[in-house]
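> Given chain A, put chain B in place with the hints provided.
Those sequence lines, one after another, are chains A and B. Our numbering puts the first sequence at residues 1 to 326. Our numbering puts the second sequence at residues 1 to 326.
It is possible that part of the hints are untrue.
Identical chains blur together in the list; that is why a pair holds if it fits in one copy or across any two.
As the list claims (entries may be wrong) - No more than 25 Å apart at the CA atoms, straight line, and that leaves these computed lysine to any residue pairs for SDA-like: (1) Lys100 to Glu90; (2) Lys188 to Ser20; (3) Lys177 to Thr228; (4) Lys100 to Arg202; (5) Lys188 to Arg202; (6) Lys134 to Ala274; (7) Lys100 to Phe88; (8) Lys77 to Ala9; (9) Lys177 to Arg202; (10) Lys188 to Arg127; (11) Lys100 to His205; (12) Lys177 to Ala14; (13) Lys177 to Ala217; (14) Lys134 to Ala304; (15) Lys100 to Trp128; (16) Lys326 to Gly237; (17) Lys227 to Leu28; (18) Lys100 to Ala269; (19) Lys134 to Arg147.
If you're looking for bench data, these hints aren't it; they were derived computationally from the structure.
2 protein chains.
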Amino acid sequence: MSLDSTILAALRAAGTGSVSGAELAQRLGVSRAAIWARIEELRALGYDIAASPHDGYRLVSAPDVLHADDLLARLGKTRVIGRNLHVFRETASTNDSVEKLARDGVREGVVVFAEAQTRGRGRLGRRWVSPPGKGLWFSVLLRPALRPDEVTRLTILAANALVRTLRTHTGLHPEVKWPNDVLLRGRKVAGILTELSAEVDRVQHVVLGIGVDVNLAPHDFPADLRKTATSLRSECGRTCDRAALAVALLRELDRDYERLAAGEFEAIATEWEAACTTLGRDVQIRVGDRRLTGRAEALDPDGALLVRTEHGRLERVTGGDLTLLK
Amino acid sequence: MSLDSTILAALRAAGTGSVSGAELAQRLGVSRAAIWARIEELRALGYDIAASPHDGYRLVSAPDVLHADDLLARLGKTRVIGRNLHVFRETASTNDSVEKLARDGVREGVVVFAEAQTRGRGRLGRRWVSPPGKGLWFSVLLRPALRPDEVTRLTILAANALVRTLRTHTGLHPEVKWPNDVLLRGRKVAGILTELSAEVDRVQHVVLGIGVDVNLAPHDFPADLRKTATSLRSECGRTCDRAALAVALLRELDRDYERLAAGEFEAIATEWEAACTTLGRDVQIRVGDRRLTGRAEALDPDGALLVRTEHGRLERVTGGDLTLLK
Numbered sequence: 001m002s003l004d005s006t007i008l009a010a011l012r013a014a015g016t017g018s019v020s021g022a023e024l025a026q027r028l029g030v031s032r033a034a035i036w037a038r039i040e041e042l043r044a045l046g047y048d049i050a051a052s053p054h055d056g057y058r059l060v061s062a063p064d065v066l067h068a069d070d071l072l073a074r075l076g077k078t079r080v081i082g083r084n085l086h087v088f089r090e091t092a093s094t095n096d097s098v099e100k101l102a103r104d105g106v107r108e109g110v111v112v113f114a115e116a117q118t119r120g121r122g123r124l125g126r127r128w129v130s131p132p133g134k135g136l137w138f139s140v141l142l143r144p145a146l147r148p149d150e151v152t153r154l155t156i157l158a159a160n161a162l163v164r165t166l167r168t169h170t171g172l173h174p175e176v177k178w179p180n181d182v183l184l185r186g187r188k189v190a191g192i193l194t195e196l197s198a199e200v201d202r203v204q205h206v207v208l209g210i211g212v213d214v215n216l217a218p219h220d221f222p223a224d225l226r227k228t229a230t231s232l233r234s235e236c237g238r239t240c241d242r243a244a245l246a247v248a249l250l251r252e253l254d255r256d257y258e259r260l261a262a263g264e265f266e267a268i269a270t271e272w273e274a275a276c277t278t279l280g281r282d283v284q285i286r287v288g289d290r291r292l293t294g295r296a297e298a299l300d301p302d303g304a305l306l307v308r309t310e311h312g313r314l315e316r317v318t319g320g321d322l323t324l325l326k
Numbered sequence: 001m002s003l004d005s006t007i008l009a010a011l012r013a014a015g016t017g018s019v020s021g022a023e024l025a026q027r028l029g030v031s032r033a034a035i036w037a038r039i040e041e042l043r044a045l046g047y048d049i050a051a052s053p054h055d056g057y058r059l060v061s062a063p064d065v066l067h068a069d070d071l072l073a074r075l076g077k078t079r080v081i082g083r084n085l086h087v088f089r090e091t092a093s094t095n096d097s098v099e100k101l102a103r104d105g106v107r108e109g110v111v112v113f114a115e116a117q118t119r120g121r122g123r124l125g126r127r128w129v130s131p132p133g134k135g136l137w138f139s140v141l142l143r144p145a146l147r148p149d150e151v152t153r154l155t156i157l158a159a160n161a162l163v164r165t166l167r168t169h170t171g172l173h174p175e176v177k178w179p180n181d182v183l184l185r186g187r188k189v190a191g192i193l194t195e196l197s198a199e200v201d202r203v204q205h206v207v208l209g210i211g212v213d214v215n216l217a218p219h220d221f222p223a224d225l226r227k228t229a230t231s232l233r234s235e236c237g238r239t240c241d242r243a244a245l246a247v248a249l250l251r252e253l254d255r256d257y258e259r260l261a262a263g264e265f266e267a268i269a270t271e272w273e274a275a276c277t278t279l280g281r282d283v284q285i286r287v288g289d290r291r292l293t294g295r296a297e298a299l300d301p302d303g304a305l306l307v308r309t310e311h312g313r314l315e316r317v318t319g320g321d322l323t324l325l326k
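Next up, chain A with everything else stripped away, as it sits in the complex (with noise of 0.2 Å):
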């Protein structure tokens, strides 16, 4: 861990109490005057530290920001994601971000937030509206021993992930859309995209982006997106701190994955079909120029939805634009 994550992991485990400078400096193995210039970097960046002579140091509050030690002080050690993280000011995408360290053989795990990105993108190419400030835009590099078709598991381990940490951050009950939707109170509040670099039948590695709309207000979103979108924000009624949200997602995440390499896959799907409000439904599913209806009846085991038309036939559909009919 770097000094600013030592000295932020001090301080929040030091809870309302306060923690000494020259304690710091013992454990850090440098003087007090390297802690007193981190703890004035720390400030710059909007923590309130307060300082005392005779108690040391105490942390009053942390400012709205995604900070890349903070975020590691607090997530503690996972097993694989999040092991290495960076947050950007601003971005492109921050899969493409991810895809370039991945290409320059980055190993698992690193993840990469912005706090905006410029160029945010949804699945088949599309805009994903990300605003400075106002969300959880990030992404993140595994190198699963998965072949190619078996990668929508990893859109259902994160849409399971997210489900379980928006269920307990909000208190509210998120749904998911097939394929890779999160809904709140049936309008999307977050959305997944899985790319992936693959010889034919083997993957080298699998960009998972995710997108929460944290604290977007009606008016951050583009007129067209304001009936069918909304944020975690809009329907608390309050503000959410972002950066929990963050490590308590990248937890999620990292257990899961430890699921899925232990060969317990059924186990997570099974888990995220009772958060899938598809099931069930008619549906209509456009895929390409070919519109299809008919009624979602399950999964399959690769993840592809099977929908049974009306004319009685059951059809294997592995993506596409889901629209819930009535």
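Just chain B now, with coordinates in the frame of chain A:
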């Protein structure tokens, strides 16, 4: 076409005849001095171009180099593959070079050749030996309307185009070893590396990499490959014209890519099967830590190999390391 392309195309069209500088200048809308300057440049590249005051210019011989303008001139108009073309003197891997073009939004069909690769790759991250000027190492950018699980079709298409081209050029009988090798007399002479970038249900682009061992001598191969690898030169007993081979191969690829787009994959697969020595043979396949032994019976519509195991079960194999037994 560039000036050089047009000049070379005119010289080639004249065969053993000549083309006057005045005619070239008029056709290209430049001065005769400009034509002269280009001829000098081409001579510097190794083109032997005779000039006579009465008859004009005549192409005596072309050097054994890959020259983008010359390749384009010889290729003429193609539908997709080769409508743009680059030659690098050296690159790490042509697949990586094309991958970068893909991410910059370059349209499909562009081809990158390298005279040498410093980090040429085969399947499963293996090294591909690519000494300068001895082979054809190139990659093609494709943006096909395929799902990720259909991309094997492009490997089959490429293997098929390789077999046809090598058969015509050598008079020998190239064989396909599933999934991606082309053999002459049982030894590997060419290979295909198909890499894809995709969303879960949609291919973004495919980089089709092809390596052909054209004029390598036995000592150009590392010792561990000398028994299993060969070159066209070793098999034919003469040096082959790399540029002519490249042009023929690109034409075949373009033709079959058009057939694929027209829904004629099945016909391509049938041709492929006729050249595939793997079918009907006893094989051992290593997939990760697992070994599978049995008889290779057929291909399924996606290009996977169906293997009848010792226990009578039919297993579907999408990749792995295949050894022909006996």
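> If the cutoff is 25 Å on CA atoms, where do Lys134 and Ala274 land: within, between, both or neither? Let me know, please.
neither (29 Å within a copy, 59 Å between copies)
> Between the shortest in-copy and the shortest cross-copy C-alpha distance, which are at most 25 Å for Lys134 and Ala304: within, between, both, or neither?
Neither: 32 Å inside a chain and 46 Å across chains, both beyond 25 Å.
> Is it within, between, both or neither when you check Lys177 against Ala14 at 25 Å Cα-Cα?
Result: close neither inside a copy nor across copies, 41 Å intra and 65 Å inter.
> Is it within, between, both or neither when you check Lys100 against Arg202 at 25 Å Cα-Cα?
both (19 Å within a copy, 20 Å between copies)
> If the cut is 25 Å between Cα atoms, do Lys100 and Ala269 qualify within a copy, between copies, both or neither?
Neither. Shortest intra-copy (30 Å) and inter-copy (36 Å) distances fail the 25 Å Cα cut-off.
> Can you give me the call for Lys326 and Gly237, within, between, both or neither, at a CA distance of at most 25 Å?
neither (28 Å within a copy, 73 Å between copies)
> When no copy is named, should Lys134 and Arg147 be tagged within, between, both, or neither for a Cα gap of at most 25 Å?
This pair counts as neither: shortest intra-copy Cα distance 35 Å, inter-copy 35 Å.
> Pop the pair Lys100 and Trp128 into one bin, within, between, both or neither, using alpha-carbon distances up to 25 Å.
So Lys100 and Trp128 pass the 25 Å test inside a copy (20 Å) and across (23 Å) alike.
> At most 25 Å between C-alpha atoms: does Lys177 with Arg202 qualify within a copy, between copies, both, or neither?
Answer is between: at 18 Å across copies they meet the 25 Å cutoff, but 28 Å inside does not.
> 25 Å Cα cut-off: does Lys188 pair with Ser20 within a copy, between copies, both or neither?
For Lys188 and Ser20, the Cα distance exceeds 25 Å both inside one copy (46 Å) and across copies (69 Å).
> 25 Å Cα cut-off: does Lys227 pair with Leu28 within a copy, between copies, both or neither?
For Lys227 and Leu28, the Cα distance exceeds 25 Å both inside one copy (51 Å) and across copies (59 Å).
> Using 25 Å as the alpha-carbon threshold, which applies to Lys188 and Arg202: within, between, both, or neither?
For Lys188 and Arg202, the Cα distance is within 25 Å only across copies (22 Å; inside one copy 33 Å).
In this structure, the hints that do not hold are numbers 2, 6, 12, 14, 16, 17, 18 and 19, in rising order.
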